[in-house]
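Enquirer: What follows is each chain in one-letter form.
There are 2 protein chains.
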Amino acid sequence: MYGDTRFVTTLETTAPRRIRRLAERQTTDRTALFELLDTELVGHLAVVVDGTPLVVPMGFARDGEHLLVHGSTGGGFALRAAAERATVAFAVTALDGLVFARSLYDSSMNYRSAVVYGVLEPVAEDETDAALLALTERLMPGRSSEVRATTRKEQASTRVLRLALDDVVMKVRAAGAGEAVDDGEDHSVWAGVVPLRRAWGEPAASVLTPAGTPVPDSVIALTTGDRGSRRIS
Amino acid sequence: MYGDTRFVTTLETTAPRRIRRLAERQTTDRTALFELLDTELVGHLAVVVDGTPLVVPMGFARDGEHLLVHGSTGGGFALRAAAERATVAFAVTALDGLVFARSLYDSSMNYRSAVVYGVLEPVAEDETDAALLALTERLMPGRSSEVRATTRKEQASTRVLRLALDDVVMKVRAAGAGEAVDDGEDHSVWAGVVPLRRAWGEPAASVLTPAGTPVPDSVIALTTGDRGSRRIS
Chain R
1 MYGDTRFVTT LETTAPRRIR RLAERQTTDR TALFELLDTE LVGHLAVVVD
51 GTPLVVPMGF ARDGEHLLVH GSTGGGFALR AAAERATVAF AVTALDGLVF
101 ARSLYDSSMN YRSAVVYGVL EPVAEDETDA ALLALTERLM PGRSSEVRAT
151 TRKEQASTRV LRLALDDVVM KVRAAGAGEA VDDGEDHSVW AGVVPLRRAW
201 GEPAASVLTP AGTPVPDSVI ALTTGDRGSR RIS
Chain U
1 MYGDTRFVTT LETTAPRRIR RLAERQTTDR TALFELLDTE LVGHLAVVVD
51 GTPLVVPMGF ARDGEHLLVH GSTGGGFALR AAAERATVAF AVTALDGLVF
101 ARSLYDSSMN YRSAVVYGVL EPVAEDETDA ALLALTERLM PGRSSEVRAT
151 TRKEQASTRV LRLALDDVVM KVRAAGAGEA VDDGEDHSVW AGVVPLRRAW
201 GEPAASVLTP AGTPVPDSVI ALTTGDRGSR RIS
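In order, the protein sequences belong to chains R and U. Here the first sequence stands for residues 1 to 233, numbered as in the UniProt record's numbering. Here the second sequence stands for residues 1 to 233, numbered as in the UniProt record's numbering.
Same shape as in the complex, but just chain R (with noise of 0.2 Å):
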């Protein structure tokens, strides 16, 4: 467990952050890495503030070669970042299973990672609405149909940042238990993976919902997708 659960490990990115140890899991596979983007919800933006680091969950959203958050124009650290052009880091994680190996340390767990280094830039304003659109389609599929449009209110008070996919540093470990015949454990003792998985549940109407109102078509979309959901590993 302490053994390969480290987490200590970070690739494809430029020094000082590339770090070197467990290399073998750095992959440069897009494919994954937009895989796991886009189907996670939330990530971790972190950014330095007095020289200590300052970390937030934020949800996210994917457009082509960026990633899409948003802030409020009165406030948010995310925002004085993008000011400052400051270096932030957002990272992205799936946790996809427990590895039970034969021995405490080389127990581990199978994950998909990503770190994305880059500077927040702000979106134009005339870009706005198509962001907001682009990351609401993300998070929410087709519900910006089904809902009143939005105010130029609240456009006003929302600020869209983007953080572009270009120094992004992504692990994955997708195996089963390490082992060898001749390793000298026990193999009468089970080993093995127990992935862990994740679902939406029954949607649940608001006190306001009239009784009969049918669900609509962005929840169906969502709770019969895999948007959300997690493959298994």
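If you're looking for bench data, these hints aren't it; they were derived computationally from the structure. Please read all numbers here as calculations on a predicted model, not as lab measurements. Positions of the beta carbon are idealized from the N, C-alpha and C atoms, including for glycine. A portion of the hints provided could be inaccurate.
To be verified - Here are the computed distance ranges between Cβ atoms for each label pair:
1. R/GLU35 to U/GLU65: 35 to 45 Å
2. U/GLY225 to R/ALA174: 20 to 30 Å
3. R/THR224 to U/LYS153: 48 to 58 Å
4. R/ALA174 to U/ALA180: 25 to 35 Å
5. U/GLU125 to R/THR31: 20 to 30 Å
6. U/VAL207 to R/LEU133: 46 to 56 Å
7. U/ASP129 to R/THR224: 43 to 53 Å
8. U/GLU121 to R/ARG80: 44 to 54 Å
9. R/LEU133 to U/ASP129: 36 to 46 Å
Put chain U on the given structure of chain R with help from the hints.
Expert: Just chain U now, kept in the frame of chain R:
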């Protein structure tokens, strides 16, 4: 959506990390904090390297009033941060559901997040065995009695670090869609919450596990218990 899921908010910590927007979501409920930390298995550690943030996902476990993580003695910036007594941030987030309001702006996510700020402290050598056991028992309860003992060499290559739960920013959104009878929205539109569940899947034995080897108690306890599973919001 871009109203409520901003997440650009943290609380219950020292300035300048105290960000006051959306302060109503602050919670000082230590029970809720412990429940989050005892259910989630992976967090994100952020440190500052050369003025920029560096983030890695890491397995972790709560042990009383501390979080435990582990690193190799050979490297790892967690160990460096500990040696330098640099302030780090360790973030743990559970996404509990998507909130479909009648406007995109008010749509949101239900979630629980904790960000722990502090200095990583190496666990003393004579306390390392106990800390490793605590870490193991948290991540894979019961497994330590099913496999061989950890060797001296394995122990020697592992350092356990701990982080006091003194300076914690916790935020929780666990509510339905924000709505009022007179808010001008079209109440014939469905609004509500779609919970996100997580559960362990079917254990898959490794190739070297002899056919018929029973799934061990530790795995049975995991898959039939709620360790790692998320509460439904």
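Enquirer: State for each hint whether it applies.
Expert: A quick look at each hint next to the structure:
{"no.": "1", "hint": "R/GLU35 to U/GLU65: 35 to 45 Å", "in the structure": "holds, 38 Å"}
{"no.": "2", "hint": "U/GLY225 to R/ALA174: 20 to 30 Å", "in the structure": "holds, 24 Å"}
{"no.": "3", "hint": "R/THR224 to U/LYS153: 48 to 58 Å", "in the structure": "holds, 50 Å"}
{"no.": "4", "hint": "R/ALA174 to U/ALA180: 25 to 35 Å", "in the structure": "violated, 47 Å"}
{"no.": "5", "hint": "U/GLU125 to R/THR31: 20 to 30 Å", "in the structure": "violated, 45 Å"}
{"no.": "6", "hint": "U/VAL207 to R/LEU133: 46 to 56 Å", "in the structure": "holds, 48 Å"}
{"no.": "7", "hint": "U/ASP129 to R/THR224: 43 to 53 Å", "in the structure": "holds, 49 Å"}
{"no.": "8", "hint": "U/GLU121 to R/ARG80: 44 to 54 Å", "in the structure": "violated, 30 Å"}
{"no.": "9", "hint": "R/LEU133 to U/ASP129: 36 to 46 Å", "in the structure": "violated, 55 Å"}
Hint check: violations occur at hints 4, 5, 8 and 9; the rest are consistent with the structure.
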